[in-house]
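Protein chains in written order, with numbering that gives the first Met the number 0: chain A, 0 to 393; chain B, 0 to 393; chain C, 0 to 393; chain D, 0 to 393.
Please keep in mind that the hints were generated in silico from the structure rather than gathered at the bench.
Just so you know, not all the hints are guaranteed correct.
[Claimed, not checked] Dumping the calculated DSS-like pairs for lysine-lysine here, alpha-carbon to alpha-carbon at most 30 angstroms: (1) C/LYS376 - C/LYS251; (2) C/LYS349 - D/LYS27; (3) A/LYS27 - A/LYS251; (4) C/LYS27 - D/LYS100; (5) A/LYS3 - A/LYS167; (6) D/LYS376 - D/LYS135; (7) C/LYS349 - D/LYS349; (8) B/LYS376 - B/LYS333; (9) C/LYS218 - C/LYS144; (10) D/LYS27 - D/LYS4; (11) D/LYS3 - D/LYS135; (12) A/LYS392 - D/LYS349; (13) D/LYS85 - A/LYS218; (14) C/LYS144 - C/LYS126; (15) B/LYS333 - A/LYS218; (16) B/LYS85 - B/LYS4; (17) C/LYS349 - D/LYS251; (18) A/LYS167 - A/LYS376; (19) D/LYS349 - C/LYS333; (20) D/LYS85 - D/LYS3; (21) C/LYS27 - D/LYS276; (22) C/LYS349 - A/LYS333; (23) C/LYS251 - B/LYS349; (24) D/LYS27 - C/LYS27; (25) A/LYS276 - B/LYS100; (26) C/LYS333 - C/LYS85; (27) C/LYS85 - C/LYS144; (28) D/LYS135 - A/LYS218.
[To be verified] Stretch by stretch, here's where chain D covers chain C in the computed footprint (C-beta under 8 angstroms, at least three residues): (29) 253-265; (30) 296-305.
[Said to hold, decoys possible] From the structure, some residues in chain B lie toward chain A, with a derived Cβ separation under 10 angstroms: (31) LYS126; (32) GLU168; (33) LEU171; (34) SER318; (35) HIS321; (36) LEU328; (37) TRP335; (38) LEU390.
Computed from a prediction, not measured in an experiment: that's the story for all the values here.
Heads up, the beta-carbon is just placed ideally off N, CA and C, and yes, glycines get one too.
There are 4 protein chains.
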Amino acid sequence: MSTKKGILERLREGPVIGDGGFVFALEKRGYVKAGPWTPEATVEHPEAVRQLHREFLRAGSDVMQALTFYASDDKLENRGNEAQTKYTGHSINQAACDIAKEVAAEGGALVAGGICQTPSYLSGLGKAVVQSEFRKQVQVFVENKVDFLVCEYFEHVEEIEWAIEVCKERSLPVASTMCIGPEGDLHGVSAGDCAVRMAKAGADIVGINCHFDPATVLKAIRLMKEGLVKNGLTNVFLMTQPLAYWTPDCNKQGFIDLPEFPFALEPRICSRWDIQKYAREAYEIGVRYIGGCCGFEPYHIRAIAEELAPERGRLPVGSEKHDPWGEGLKMHTKPWVRARARRDYWENIKPASGRPHCAACSEPSSWGVTAGDTDLKQGRAATSDEELRQLFKR
Amino acid sequence: MSTKKGILERLREGPVIGDGGFVFALEKRGYVKAGPWTPEATVEHPEAVRQLHREFLRAGSDVMQALTFYASDDKLENRGNEAQTKYTGHSINQAACDIAKEVAAEGGALVAGGICQTPSYLSGLGKAVVQSEFRKQVQVFVENKVDFLVCEYFEHVEEIEWAIEVCKERSLPVASTMCIGPEGDLHGVSAGDCAVRMAKAGADIVGINCHFDPATVLKAIRLMKEGLVKNGLTNVFLMTQPLAYWTPDCNKQGFIDLPEFPFALEPRICSRWDIQKYAREAYEIGVRYIGGCCGFEPYHIRAIAEELAPERGRLPVGSEKHDPWGEGLKMHTKPWVRARARRDYWENIKPASGRPHCAACSEPSSWGVTAGDTDLKQGRAATSDEELRQLFKR
Amino acid sequence: MSTKKGILERLREGPVIGDGGFVFALEKRGYVKAGPWTPEATVEHPEAVRQLHREFLRAGSDVMQALTFYASDDKLENRGNEAQTKYTGHSINQAACDIAKEVAAEGGALVAGGICQTPSYLSGLGKAVVQSEFRKQVQVFVENKVDFLVCEYFEHVEEIEWAIEVCKERSLPVASTMCIGPEGDLHGVSAGDCAVRMAKAGADIVGINCHFDPATVLKAIRLMKEGLVKNGLTNVFLMTQPLAYWTPDCNKQGFIDLPEFPFALEPRICSRWDIQKYAREAYEIGVRYIGGCCGFEPYHIRAIAEELAPERGRLPVGSEKHDPWGEGLKMHTKPWVRARARRDYWENIKPASGRPHCAACSEPSSWGVTAGDTDLKQGRAATSDEELRQLFKR
Amino acid sequence: MSTKKGILERLREGPVIGDGGFVFALEKRGYVKAGPWTPEATVEHPEAVRQLHREFLRAGSDVMQALTFYASDDKLENRGNEAQTKYTGHSINQAACDIAKEVAAEGGALVAGGICQTPSYLSGLGKAVVQSEFRKQVQVFVENKVDFLVCEYFEHVEEIEWAIEVCKERSLPVASTMCIGPEGDLHGVSAGDCAVRMAKAGADIVGINCHFDPATVLKAIRLMKEGLVKNGLTNVFLMTQPLAYWTPDCNKQGFIDLPEFPFALEPRICSRWDIQKYAREAYEIGVRYIGGCCGFEPYHIRAIAEELAPERGRLPVGSEKHDPWGEGLKMHTKPWVRARARRDYWENIKPASGRPHCAACSEPSSWGVTAGDTDLKQGRAATSDEELRQLFKR
C-alpha cells in the first residue's frame with residue numbers, strides 16, 4: 000500500500016469517487032437492523048460486508064471506508080442496544096478495517112476510518128467524554144494504517160470540531176462532513192460558518208453527507224464554498240455524500256423527520272440519471288470528493304463514475320454491464336423498448352410513482368427539539384412501554 | 000438432499016416462500032446488463048450470485064431457483080448478444096445449478112431449474128424449434144437432480160403449453176407461471192383459460208409471475224382460480240411471484256410498456272409493508288407458493304416470511320435484524336422516530352414520492368404489436384443505427 | 000317562436016350545443032344550497048338565474064333548459080327541505096319556464112323542460128306515485144309551450160322508462176339521459192341495454208349526463224352506441240352532458256361517492272382545453288347533442304362552441320372576448336406569457352395541482368347500497384342527530 | 000351615503016371584508032379577455048358587472064371596488080389593444096363607478112376606486128408620465144365621491160410610492176397593496192421595506208394583493224408587519240387580497256410565471272375550506288382588511304365572512320344558502336353523503352386532483368427580466384408574427 004497516491008494527491012489530480020450507503024444497503028440485504036444500524040455486521044457477517052465493498056469498488060469507488068458507523072462504545076450500549084453484550088467496540092472496528100483493507104487491495108483503493116456523532120454529546124456529557132469515545136476508534140484506525148480519517152454525520156459543528164481535534168492528534172489527512180442542509184447546523188450556525196470552522200479546526204476536506212437529497216446538498220455546499228472563499232480558506236477540498244432519496248419537503252433536520260423514515264422511503268429513491276446529474280453539478284461547483292450516503296447502491300456510484308469518465312479518463316469495471324444512457328436496450332426484444340436506447344430519453348424522463356393515492360410531499364415531524372433538550376437525553380436503558388405510549392400520543 | 004420433503008408435499012403442509020428478482024437485483028449490484036439480462040453472471044461472478052442466493056435463503060426463501068433466466072441458446076445469441084461468443088449455454092446453466100445447489104444445502108431449501116419464453120417463438124419458428132431450446136436447458140437441470148422444474152415468464156399460453164410438455168417428459172413436478180394480468184395473454188386468451196390450459200398440460204402448480212404489481216397479480220390469480228374451479232381442476236396449487244413495483248397504469252403488456260422501464264422504476268418500488276399486505280391477501284385467496292419477481296430484494300422476501308410466520312410456525316433467520324412493524328426504532332436517538340415503532344403507523348403509511356414535478360401515473364407505450372407482427376421478429380444481428388433512428392421517431 | 004327550427008331538425012343539420020351546470024354554478028354564486036340544490040332560486044332570485052342563462056346563450060348554447068332540477072314536489076319536501084313551506088312546486092317550475100323563455104328569445108335558442116329521478120322511486124313507492132310526480136312537472140312545461148322535454152339524471156333505467164312514458168303522453172320530442180358510466184345502471188343493466196331501453200320507450204335522443212368526467216362519459220356513450228347499432232336503433236340521436244370534473248377514480252356511482260363531493264372538487268375542474276378535446280371526440284363518435292352538467296361554467300360551453308365552429312359555421316358571441324388557443328396573450332406585458340399564445344402550448348399542457356400534499360386519486364365511499372336498500376328510504380323528516388352520529392361513525 | 004362609517008372607522012371596529020377577483024370571474028363568464036383583461040366590460044356589459052358586484056355584496060363584501068383594473072389610458076392602447084379605438088378611458092372608469100355605487104347602496108357597502116401599475120413605468124417613461132396616468136383615473140374617482148382610494152397590483156415599490164403620492168393630493172383614505180411575496184419587490188426591496196415605504200408615502204392601509212396563494216401572502220404580510228413594527232409604524236392597517244389559486248411552486252414573480260397561467264389554473268383553485276383557514280390566520284396575524292383577488296368567486300368571499308362571523312357578529316346574506324361546514328348535506332339522499340355533514344370532515348380533507356398524469360408542482364418560467372430590461376418595453380403596436388416566432392422558440 001506504500002506506493003499508492005494519497006487522498007490529497009488524488010484530489011489535486013481530479014475527482015475522487017466515494018462509496019455508497021452501507022447501513023441502508025445491508026439493512027435491505029438482511030444484515031443490519033434499522034435504528035441502531037448495528038455495525039457488528041463486520042464481525043457477524045463479514046462476507047456480506049465484503050461483497051458490498053467489492054460492488055462499490057467495481058462501481059468505481061476510490062475509497063473503501065471501513066464500516067464503523069455508530070461503532071463508538073457509547074452508541075453500542077445506548078437505549079437497550081445488545082451489541083455490547085456480545086462484542087467489544089474494538090473488535091467491531093478491527094473487523095471493519097480488515098475487510099476494507101482486503102477489498103481496497105484488490106483495486107488500488109484507499110482505506111478510510113470514520114467517526115460520527117455520539118450519544119454522549121447529545122446527552123451533554125462534555126468535551127472530555129466525547130473526545131475519549133472518538134479517540135478509541137481513531138486508535139484502531141491508526142493501528143491499521145488507514146490512509147485517512149473521516150469525521151462524518153455531525154449535526155452540531157461544535158462536536159465535529161472536537162472530532163477533528165482528536166484526528167489531528169495523528170498525522171493523517173482528515174475529511175470532515177456534517178449532515179446539514181442550507182439552513183445550517185441544529186444550533187443555528189450557518190452552513191458557511193460550519194465550513195469555515197471545520198477548516199480552521201484542521202480538516203483538509205470539508206463538506207456534507209447524509210440527511211438531504213443531492214440537490215439540497217449542492218445548495219448547501221455552495222453556501223459552504225462561499226463561506227470558505229470569503230475567509231480565504233481556499234486550500235481545503237470540497238466533499239459531498241448526499242442521500243439517494245429525494246427530500247424536497249424536509250426541514251432543517253433532514254430525512255429523519257420525514258414520516259417515511261426509515262421504512263417507507265422507496266418512492267424517493269433516486270434513479271441513476273438523477274445521480275449523473277448530481278455528479279456533473281457537484282463537479283462544476285468544484286466538489287472533488289464525490290460520493291453518496293444512505294440509499295446509494297452500487298449502481299448509483301457507477302453513475303457518478305460514468306458521468307465523470309471524461310475527467311477521470313476511464314470507466315469503472317462495472318460498466319461492462321452498463322452501456323451509457325440505456326444503450327444496452329438496443330438488444331431488447333420489443334421495438335418500443337429499443338426506442339428508449341438513447342440519452343435524451345433517459346435524461347428527460349420524469350418517472351411516475353405508480354402511487355395515485357399518495358401525495359408528492361410529506362409534512363416533516365418538526366418536533367423542534369435539539370441537543371440540550373431533555374427529550375434528547377440518551378441512556379443505556381431501553382425505552383419503556385410507558386415512555387413509548389407517551390411518544391405514540393404525540 | 001434425498002430426505003428433503005418435495006415441493007408438492009411442502010405445499011400441502013402450508014405456504015412455501017419463493018425467492019426474489021435476481022436479474023434486477025444483480026443489475027443494480029453491477030453484474031447483469033439490462034436488456035439481455037446476461038445470465039452468464041453465473042460463470043463470470045459466481046460469488047455475487049451466491050451472495051444473493053444466501054440473502055434470499057436468510058430472508059426465508061424455501062426455494063433456490065437457479066439463475067437460468069434468458070439462458071436458452073437462441074436468446075444468448077439474439078440481437079448482437081455477445082454471451083454466446085464467450086460461453087456455451089450449457090456452461091451457464093450448469094454454473095447456475097452449482098450455485099443454487101450449494102446454497103440450498105446450507106438451509107434445507109429446494110432447488111428448481113427454470114425455462115422461459117424464447118425469441119424463437121416470437122419469430123414464429125414453430126413448436127419443434129422452440130421445444131428443442133427448452134429441452135437443452137431441462138437436460139442440464141435433470142442431470143443436476145433439481146427438485147422441480149419451473150416454466151415462467153410466458154406471454155402466450157401456447158408457448159407455455161409447449162414448455163410444460165417438454166418438462167413432463169421427465170418425472171419432476173412442474174410449476175408454471177405466465178407474465179399476464181387480468182386481461183389475459185397477448186393473444187387474447189383469458190386468465191382463467193390460461194390457468195386451465197396450463198393445468199391440463201400437466202402443470203402441478205400454476206400461476207403468475209412478473210409484469211404486474213402485487214395487487215394486479217392477485218386480481219388475475221382470482222380469475223385463474225375461478226377458471227380452475229369451474230373446470231374442476233382444484234388439485235393444482237396456485238403460485239404468485241409479482242413485481243415489487245407498483246403498476247396501476249399498465250396495459251395488458253405490463254411494466255415493459257411503462258416509459259420508466261427498466262431504468263427509472265425507482266419511485267414504484269414497493270415498501271416492506273406493501274409486501275406484507277400482498278402476502279396476507281395471497282394466502283387468503285389460497286395461493287400457496289408465494290414469492291416475488293423483478294424488484295424483490297431480500298427484505299421483501301423477509302416481509303412475506305414475517306407476515307406468514309404464524310402459518311409457518313417460524314420466523315426467517317434474517318428477522319434477527321428486523322423487529323416486527325418497525326419496533327427496532329425503539330432504540331432510535333430521536334423521540335419522534337421512536338414514536339414510529341408501532342404497527343398502525345407503518346400499516347397505514349401513504350409514502351410521498353418526494354417528486355413534486357412528477358406525475359402519479361404514466362401512459363404505457365401501447366404500440367399494440369404481439370407475436371406474429373414483423374416488428375417482433377428476432378435475429379442474431381444487432382439493431383442497426385438506421386433501424387434505431389426509425390424507432391426513435393415513433 | 001313558431002318559426003324556429005325544432006330540436007330534431009337542428010340535430011339532423013349538425014351539432015347542437017347544450018348548456019352547463021346551473022346548480023353548481025349558482026351554488027358558488029350564492030343562490031342555491033348544496034344537497035337539496037334548491038330550485039326555488041327561480042322564484043327567489045330570478046335575476047341571478049337569468050344572468051347565468053344569458054352567459055350560456057352568449058357562450059353558444061342552443062338550448063335554454065329551464066332550471067327545474069330536483070323541483071318535483073316529493074323532492075321539495077324531502078328530508079327537512081323547507082322549500083315546500085314557502086313555495087308551491089308549480090310556482091318554481093313556472094318561474095323557471097318564464098326565465099328560460101325570456102332568455103331563449105334573445106338568441107333564437109330552444110326551450111326545454113326537464114324531469115329527473117325522484118325520492119319516491121328510491122323509497123320504492125311504485126310506478127303510479129312516481130309517474131304522478133313527473134306528470135305535474137310536465138304539465139307546466141306543456142302549458143308553457145317548451146320546445147322539447149328532457150328526462151335526465153336517472154340512475155335506474157326502470158325509472159327513466161317511466162319518465163319517458165309520461166313525456167310521450169304529449170307530442171313533444173323527448174331527450175333522455177342517465178347518470179351512468181361504462182358499468183351501467185345501479186341495478187346492473189349495461190350501458191348498451193340502457194340505451195336500447197330508452198330508445199324503445201320512445202326517446203328521440205338518448206345518452207348520458209352528470210356523475211362522470213368527459214372521458215368516462217364518452218367511454219360509456221360508445222357502449223350505448225354499440226347497443227343501439229346491434230339492435231338496429233340507429234334513428235335516435237346521441238347526447239352527452241358530462242361533469243366538468245375529472246373522475247378517473249370513481250366507481251359505478253360516480254362523483255357522489257368521491258370524498259370531495261360536493262365541497263372540495265376544485266382540483267378536478269376541467270380546463271377549457273380539456274373541454275375542447277371532449278367536444279371533438281364526442282362529435283367524432285357521432286354525438287350530436289353536446290353539452291355539460293355540474294361544473295360546466297360558461298367558458299366551458301364556449302370551448303365546445305369554438306371547437307365545433309367549423310362544423311357549425313360560426314363562433315359564439317362570447318368569443319369576442321376569447322381568441323382561439325390563447326392567442327389573446329399576444330397582448331400580454333411579459334414576453335414569456337406572450338410565448339404561450341399558441342395552440343401546441345395549451346393543447347399539450349399538463350396542469351399541476353399546486354397541492355404537493357394531496358394525492359392524485361381518491362378512494363370512493365363504496366358503501367354499495369342501491370335503490371331498495373333500507374338505507375336509501377327517503378322521507379319528509381330531517382335526519383336526526385342520532386342518525387347523523389351513526390352515519391359519522393361508518 | 001353621507002352617514003356611512005368610513006373605511007378607517009370600520010377597520011378600527013373590526014375586520015372589513017374585501018371583494019373577489021372581477022377580471023378572472025368575468026373572463027369565465029365571457030365578458031373579459033385574458034391578457035388585456037378588458038375593463039371596457041363596464042361599458043359593454045354593465046349588467047354582468049353589476050351581477051358580480053351583487054354576488055360579492057351578498058357574500059359579505061363590505062367594499063365595492065369599481066372595476067377599473069388596467070383602465071389607465073396607456074394600458075388601454077398598449078400592444079394592439081383595441082379598447083381605445085372604441086371607448087375613452089374616462090368613460091370606462093365612469094361606468095365602473097356608476098355600477099359600484101349602485102350596488103353599494105343596496106347594502107351599505109363602501110365604494111373604492113383603484114389604480115394599478117402602468118406600462119409607462121415598465122417602459123421607463125419616468126415619474127411625470129406615470130403620475131399623469133394615475134391622476135386621470137383618480138380625478139374620475141373623486142368626482143364620483145368614492146369613499147377611499149386603492150393603489151394595488153404594483154411589482155415595484157417605487158411606482159406605488161408615486162401612486163400614493165398622487166392619491167394623497169386628495170383628502171381620501173388610501174389603501175396600498177403590492178403583488179409581491181416573501182422575496183420582496185422585483186427590484187430586490189424586501190417585503191418589510193416595501194411596507195415601510197408605503198406607510199411613509201402616506202398609505203393608511205398597506206399590504207399585498209394577487210400573485211400568490213393565501214399561505215404565501217400571509218408569510219409575506221408577517222414580514223411586512225415586522226418591518227412596520229421595527230419602524231414604529233403601527234398606526235397603519237394591514238390588508239391582504241391573495242389569489243384563490245395554490246402557488247407553492249412560484250418564484251418571486253408569482254403566478255404569472257407558472258406555465259398554467261392564465262388558462263389552466265383550474266387544479267389550483269382553493270376550496271372554501273382553504274379560504275376559511277386563510278381568513279382565520281389573517282385575522283390572527285392582525286390583518287383587518289381581508290379579501291381576495293384573482294380566482295376568488297363569491298363563495299370564497301362568503302367563506303371569509305362565515306369564518307369571521309363571531310368577530311363581526313353576523314353572517315352574510317348569502318349564508319342562507321350555505322350551512323356551516325357542510326351541514327346542508329344532512330338533507331342529501333345518500334347516507335354516505337350525509338355522513339360528510341360535519342366540520343372535521345371538511346376541515347381535514349386533502350382533495351385529490353383526479354389528474355394522475357399531472358404533477359403536483361410546475362417549474363416557473365423564470366426568464367428573470369424585470370423593469371428596465373428591453374424585453375419589457377411596452378408599446379402601442381401589436382406583437383408581430385416574427386416577434387412571436389422568436390418568443391415561441393425561447
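Results for each hint:
Between C/LYS376 and C/LYS251, the direct Cα distance comes to roughly 20 angstroms. Compliance with the 30 angstroms bound is thereby established for this hinted pair. The hinted pair formed by C/LYS349 and D/LYS27 meets the criterion: a straight-line CA distance of about 20 angstroms does not exceed 30 angstroms. Under the criterion of a C-alpha separation no larger than 30 angstroms, the hint pairing A/LYS27 with A/LYS251 is consistent with the structure, at around 27 angstroms. Proposed proximity of C/LYS27 and D/LYS100 is supported: the alpha carbons are some 24 angstroms apart, at most 30 angstroms.
Between the alpha carbons of A/LYS3 and A/LYS167 the distance comes to roughly 22 angstroms, so the proposed pair stays at or under 30 angstroms and holds. Between D/LYS376 and D/LYS135 the alpha-carbon distance is near 22 angstroms, which keeps this suggested pair within the 30 angstroms criterion. For the given pair, C/LYS349 sits about 21 angstroms from D/LYS349 by alpha-carbon distance, which is consistent with the 30 angstroms threshold. Under the criterion of a C-alpha separation no larger than 30 angstroms, the hint pairing B/LYS376 with B/LYS333 is inconsistent with the structure, at around 58 angstroms.
Taken as a hint, the C/LYS218 and C/LYS144 pair is broken in the structure, with Cα atoms around 35 angstroms apart against an allowance of 30 angstroms. Restraint check for D/LYS27 and D/LYS4: the C-alpha separation of about 34 angstroms exceeds 30 angstroms, so the hint is violated. About 27 angstroms separates the Cα atoms of D/LYS3 and D/LYS135, which keeps this hinted pair within 30 angstroms; it holds. Distance check on the hinted pair: A/LYS392 and D/LYS349 sit about 23 angstroms apart at the alpha-carbon level, within 30 angstroms; holds.
The straight-line distance between the Cα atoms of D/LYS85 and A/LYS218 is roughly 53 angstroms, outside the 30 angstroms bound, and the hint therefore fails. At most 30 angstroms may separate the alpha-carbon atoms for a hinted pair to count; C/LYS144 and C/LYS126 meet this at roughly 26 angstroms. Between B/LYS333 and A/LYS218 the CA atoms are separated by roughly 26 angstroms; this keeps the pair inside 30 angstroms, and the hint holds. Between B/LYS85 and B/LYS4 the CA atoms are separated by roughly 38 angstroms; this puts the pair beyond 30 angstroms, and the hint is violated.
A C-alpha spacing of about 22 angstroms is found between C/LYS349 and D/LYS251, which places the hinted pair at or below 30 angstroms, so the restraint holds. Our distance criterion of 30 angstroms between C-alpha atoms is met by A/LYS167 and A/LYS376, whose separation comes to about 29 angstroms. For the hint pairing D/LYS349 with C/LYS333, the CA-to-CA distance comes to about 34 angstroms; that exceeds 30 angstroms, so the pair is violated. Taking the CA atoms of D/LYS85 and D/LYS3, the gap is near 37 angstroms; set against the 30 angstroms cutoff, the hint is violated.
Annotation: proposed proximity of C/LYS27 to D/LYS276 holds, straight-line Cα distance about 18 angstroms (limit 30 angstroms). Proximity of C/LYS349 to A/LYS333 is assessed by CA-CA distance (about 28 angstroms); at most 30 angstroms being required, the pair is judged to hold. For the hint linking C/LYS251 to B/LYS349, the alpha-carbon distance of about 25 angstroms falls within 30 angstroms, and the restraint holds. Pair hint D/LYS27 plus C/LYS27 holds up; C-alpha atoms about 13 angstroms apart against a cutoff of 30 angstroms.
A distance of roughly 42 angstroms separates the Cα atoms of A/LYS276 and B/LYS100; the hinted pair therefore is violated under the 30 angstroms criterion. Note on C/LYS333 and C/LYS85: the hinted pairing is violated, with a Cα-Cα distance of about 54 angstroms set against a maximum of 30 angstroms. For the hint pairing C/LYS85 with C/LYS144, the CA-to-CA distance comes to about 26 angstroms; that is within 30 angstroms, so the pair holds. The suggested pairing of D/LYS135 with A/LYS218 is violated, with an alpha-carbon distance near 49 angstroms, which exceeds 30 angstroms.
Coverage of the stretch 253-265 of chain C by chain D holds in this model, with 11 residues showing a Cβ closer than 8 angstroms to a Cβ of that chain against a need of three. Under a criterion of three residues with beta carbons nearer than 8 angstroms to beta carbons of chain D, the stated coverage of the stretch 296-305 of chain C is upheld, 4 such residues being counted. A least Cβ separation of about 20 angstroms between B/LYS126 and chain A goes past the 10 angstroms threshold, and the interface hint is therefore violated. For B/GLU168, the shortest C-beta to C-beta distance to chain A is roughly 27 angstroms, which exceeds 10 angstroms, and the interface hint is violated.
For B/LEU171, the suggested interface contact is broken, since its CB lies about 28 angstroms from the closest CB of chain A, more than 10 angstroms. Interface restraint check: B/SER318 against chain A, minimum CB-CB distance 9 angstroms, threshold 10 angstroms, status holds. Interface restraint check: B/HIS321 against chain A, minimum CB-CB distance 7 angstroms, threshold 10 angstroms, status holds. For B/LEU328, the interface hint holds, the least distance from its beta-carbon to any beta-carbon of chain A being 5 angstroms, beneath 10 angstroms.
The criterion of a C-beta within 10 angstroms of any C-beta in chain A is met by B/TRP335, whose closest approach is roughly 4 angstroms, and the hint holds. The interface hint given for B/LEU390 holds, since its Cβ lies 4 angstroms from the closest Cβ of chain A, which is under the 10 angstroms cut-off.
Violated hints, in rising order: 8, 9, 10, 13, 16, 19, 20, 25, 26, 28, 31, 32 and 33; the structure is consistent with all others.
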